[in-house]
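Peer 1: Here's the letter readout for the chains.
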Amino acid sequence: MSWNEFWFVLVGCVLAMWACRVIPLFLLKGRELPDRLAQALGFIPPAAFAALVANDLLNPGMFDAGVWPAAIPLVAAVASALVAAKTRSLLWTAVTGVAVYAALAFFAV
Amino acid sequence: MFSREHILSAFSAAVPIMLGYVAIGLPCGILGNTIGLNPLQVALLSILLYSGAGQFMIPNMFLAGSGVAAITASVSLVNTRQMLYAASFAPQCADSPRWLSALFAASVTDESYGVNTARFAEGNWSVDRALMVNLFSQSSWTISNIVGCAVGAAVDIPVSIAAFAMTAIFICLLVTQKFTSANIVAMVVAMAGVYLCKALGLTGPAILIGAIAGVVCALAFSAIFPRRATPATTAAAQTSGGDDR
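Protein chains in written order, with this note's numbering: chain A, 16 to 124; chain B, 1057 to 1301.
The set of hints was computed from the structure by calculation and includes no laboratory data.
In this text the structure is predicted, and so the values were computed from the model without any measurement.
Do not take every clue at face value.
Restraint ranges, calculated between C-beta atoms of paired labels, are given here [stated by the list, open to error]: (1) B:Ser1059 - A:Phe122: 47 to 55 Å; (2) B:Ala1276 - A:Arg46: 21 to 29 Å; (3) A:Arg46 - B:Ser1195: 28 to 36 Å; (4) A:Asn74 - B:Pro1214: 26 to 34 Å; (5) A:Ala123 - B:Ile1280: 23 to 31 Å; (6) A:Glu47 - B:Leu1096: 14 to 22 Å; (7) B:Asp1151 - A:Phe78: 47 to 55 Å; (8) B:Val1071 - A:Leu89: 22 to 30 Å.
Positions of the beta carbon are idealized from the N, C-alpha and C atoms, including for glycine.
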């Protein structure tokens, strides 16, 4: 990637990112939030994390190459979820997830 | 604000994120190296853009032959989910100075959002500590990216395995949510929404559309069944006024 291409991507992405990160906070900051809005904000964490997990794990046509390649991340995800429920630790969940994923990928070859 | 005690508590809250960012930052830097980015460029991206998903997408799309406009648009679409995070911190930032709120909002990520939201919900948390969680995490991310880019292809870490650290962190943040009926509606609809968006070819905005669909359906659900859904509102209500300085 050339410097020209790099600057284009950097400036464009950063402007969009800062707008998304900073503007909503200042629009809502210091106001008495209506009940409905406060309730909606409370639903953001479960919805957002479910969406992120689904985005990483689910793809239309994920089983096209056979069951096993798509099953590896799913099995690792189940293992991660069990450890997360048991320990509530980000670190142990990440370690477990990567270890199970690596082990399954190793044995699948 | 920014007392020794606050710094230490912020650091201990940030440690799991920092270690996770080493695991995904190194392969991200290595990937940057493969498209000819130098450590300075990777540092600029990490400090200014500070987006894990975004910084993985840029080299992946470039390698796949996408143009800079398509890359910028796709990364920006994926990052629109940040609007939801920033907005949700408005009550906690109500009494904070403008510069502190702006700096905090500009450095929120998926992982630090999850950690700070949990801490605010427990009480005894404040915007200065939340900002330091963000900055500790960002330092780890930036350093890991620079190191990854500098050592480059000398190390051969399979990117898909290392990147699963990020997925596992999202799973932990999801599993530790309160499983009220309304929250479960939000989760199921969000996951279905993401899958549906991808099936329709809307890969870029899939996360945002899925998450918004989840929030909207959970709101509708709690309007139809007000009694069963009430526990979900407490997390948002509790957190206002938790800023003890």
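Peer 1: All the hints need checking, so say for each whether the structure fits it.
Peer 2: For each hint, the structure was consulted:
1. B:Ser1059 - A:Phe122: 47 to 55 Å: holds, 50 Å
2. B:Ala1276 - A:Arg46: 21 to 29 Å: holds, 24 Å
3. A:Arg46 - B:Ser1195: 28 to 36 Å: holds, 33 Å
4. A:Asn74 - B:Pro1214: 26 to 34 Å: violated, 18 Å
5. A:Ala123 - B:Ile1280: 23 to 31 Å: Violated - the Cβ-Cβ distance for alanine 123 of chain A and isoleucine 1280 of chain B, about 45 Å, lies outside 23 to 31 Å.
6. A:Glu47 - B:Leu1096: 14 to 22 Å: violated, 46 Å
7. B:Asp1151 - A:Phe78: 47 to 55 Å: holds, 51 Å
8. B:Val1071 - A:Leu89: 22 to 30 Å: holds, 28 Å
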